[in-house]
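J.: Residue strings, one per chain:
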Amino acid sequence: MLELDGLEIVQGAFRLTADTVLQAGQITALMGASGSGKSTLLAAIAGFLDPVRGSIRIAGTDITGLAPGDRPLSMLFQDNNLFPHLTVAQNVGLGLRPDLRLSPAQKDAQAAVLARVGLEGLEARRPRDLSGGQQSRAALARALLRGRPWLLLDEPFSALGPALRRDMLTLLRETARAEGLSVLMVTHHPEDARAVADATCLIADGALIPPASTEALFAEPTPALRAYLGE
Amino acid sequence: MSRGPGTRLGTAAALAVLVVLLGPLLAVAWRAEGWAGLRASDWGALRFTLWQAACSSALSVLLAIPVARALARRRFAGRDAVVLLLGAPFILPVIVAVLGLVAVFGRTGPIAWIAGLAGLDPPSIYGAQGVILAHVFFNMPLATRLILQGWQAIPGERLRLAAALGFGPGDTFRLLEWPMLRATVPGVALVIFLICTTSFAVALALGGGPRATTVELAIYQAFRFDFDLGRAAALGGVQLALGGLAAFAALRLTLPSGFGAGQDRVVPRWDSSGPLLRGQDGGVIALACAFLLLPMVLVLAEGALHLTNLPAAVWTAAARSLAIALGAALLTVGLALAMAVAALRAPWVEAAGTLAVAASPLVLGTGLYLLLLPLANPIAFALPVTLLVNVVLALPFALRALIPAMRELDADYGRLSASLGLTGWVWLRRVGLPRLRRPAGFAAGLTAALAAGDLGVITLFATPEQATLPLMLYQLMGSYRMEEAKAAALLLVILSLGLFWLFERGSRDA
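As given, the protein sequences belong to chains A and B, one line each in that order. Using full-length UniProt numbering, the final residue of the first sequence is 231, and nothing's skipped along the way. Using full-length UniProt numbering, the final residue of the second sequence is 510, and nothing's skipped along the way.
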């Protein structure tokens, strides 16, 4: 469970409150208009932004004061998910040890996860020699290798074309199920949420509206969702 | 983000720099016994400093305008090399340039020979005119680079419009170029004026005497000849006021960004294709190149003939200079890296590092001498003090190269690094050094070149047994051993430009 307990985030004149619980073991989509604070909320959960009030708990443990790297989560950013000077294998290996001194067993795990996302044979490439889809796969591979229970996605696939994005979401859903990962993903495409998210929540008017089943929500849109969809 | 160790190290480094900087200044201020200690000749030095700076600045700018215009409107093979040549004086050891100017304009040089054929007796290279000539040698290229930027900032659309309206060269000048020059030239002239007020090595080698002594040189003389520390300190206060202004202006405007990069754009021109103007531009560029190259060629070519019979003492001095250059480069880049990390969180760190531009080497040297005096024989610390002063003086340039790069790195990969737990040394090895090798290499090269060629604080302290290569070169010149001096100059150029090239190129490849 990811609990946002009386959370309040302030950035200049911007203010966002969140007081809700996200279920573990499923994919939750986070939607909202541009500038509504989706990325800001993710940044707070990931530890890049200190909330002015409230706390964040994962599996009952308060993580509010932890350094980003110590939190039980991995994050895929909108861009710059890979270091351009490191190879694919090194970028992925950082998920196990930042100093890249991998044991034989860890190297095996590294090779396995690269195969899992379809990047075998590309280990020695640099990010600039990969397509956008392959770069996304490498970033996902690292998150899988880190094995943290939660995965936060800040629209990492938004630069991909529709077909590639669908492929990535499918891969995400399959791997998340197989590994028992809990996922919180920002998206502004309703069809993405409907395709992969078990639950969907919205940010409207500076507050996070608690999640509801995606199916039910789109079957009978709330006023906030209708406003977002422009209906 | 949470690079705790780096931030702490950088903050400590910034504090250390502040101590090294402010300690000597406080010592100077404490020791200076007010303005009463200054003699009439000291006020004369201040007047000369301001006068020669005004002359040098005006001449540099006047000569630079036609060169910049020629470079702005001509495309020719070797244009990149000319732009590169204009950047070179920034890292050329001052004493080598002085030796070259003596070779060209001195009694036995080609200018005197030609003038002799015409029955004229040209003025001596020594004295005020020599000081100004050397300042023009260093600052005309700088002025050209800065004014060229102004020319290249004239939008191409304007020039196209001018062509469509049938402007002649006179119309273009009046309506487009003159407004640009009016906006650019005063700033350039001010920067060069301020740079010339801090001149020491040029004045030491070519000036001196009642009519050609700068304040920096007066500090040296009060210190070295009269051993009047109170007067040296009072002069230091005068210089500090001058230098504070100079340095900030210089730092903002003068550092060549990666040497010639981005100055290759030639705006197409339709108004100046006539043979007369082409001839004029070609002649101007050729003259400028000759002015910059001839002194170097005369010195270095003759130096090459005598390189093999240099006395052992010169080689030892070269080894000292190499050690100081490498030490300064490593220390400066290390400090600058740590301070750039800290500056992400604490902006005062950048200000602390940049403050060093306000200090002149001789003022710092005098202050450090005063601080060391109660503790030990300062002469024994000549080389460490030289190293320290070079580190402090190079730090603002290193920070200026590294801080923007560090900000960009943090913006692009700070969160990724933090989310993967990449911190401290692991971050430095895996992310910091690989991503910052270009600016770090540039900073290291610049520091090494400046430190190798520095003829400043070392003149205050050193005994002959501690001479660095520039000091040795100065002493060889002083005893008219010109052949050996030229060979030593070649060695010094190889050392400082070679170090710059190695660091800078080394950081580009691989």
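Each hint should be verified, as a subset may be incorrect.
[Unchecked claim] Covered by chain B, according to a simulated footprint, are these stretches of chain A (three or more residues, beta-carbon under 8 Å):
(1) 44 to 51
(2) 165 to 177
[Said to hold, decoys possible] Partner residues are not named here, just some residues of chain A that face chain B (Cβ under 7 Å, in silico):
(3) H85
(4) T87
(5) L94
(6) D108
(7) A111
Simulated from the structure, these hints should not be mistaken for lab results. Treat the numbers as computed from the prediction; the structure is a model and nothing was measured. Here a beta-carbon is modelled for each residue, glycine too, at the ideal position from N, C-alpha and C.
J.: State for each hint whether it applies.
T.: Right, here's what the structure says about each hint:
1. 44 to 51: holds (count 3)
2. 165 to 177: violated (count 0)
3. H85: 4 Å, holds
4. T87: At about 12 Å, which exceeds the 7 Å cut-off, the nearest Cβ of chain B leaves the hint on A/T87 violated.
5. L94: Because about 5 Å separates A/L94 from the closest Cβ in chain B, which is inside the 7 Å limit, the hint holds.
6. D108: 20 Å, violated
7. A111: Cβ of A/A111 sits 19 Å from chain B, so the hint is violated.
Hint compliance for this structure: hints 2, 4, 6 and 7 are broken, all remaining hints hold.
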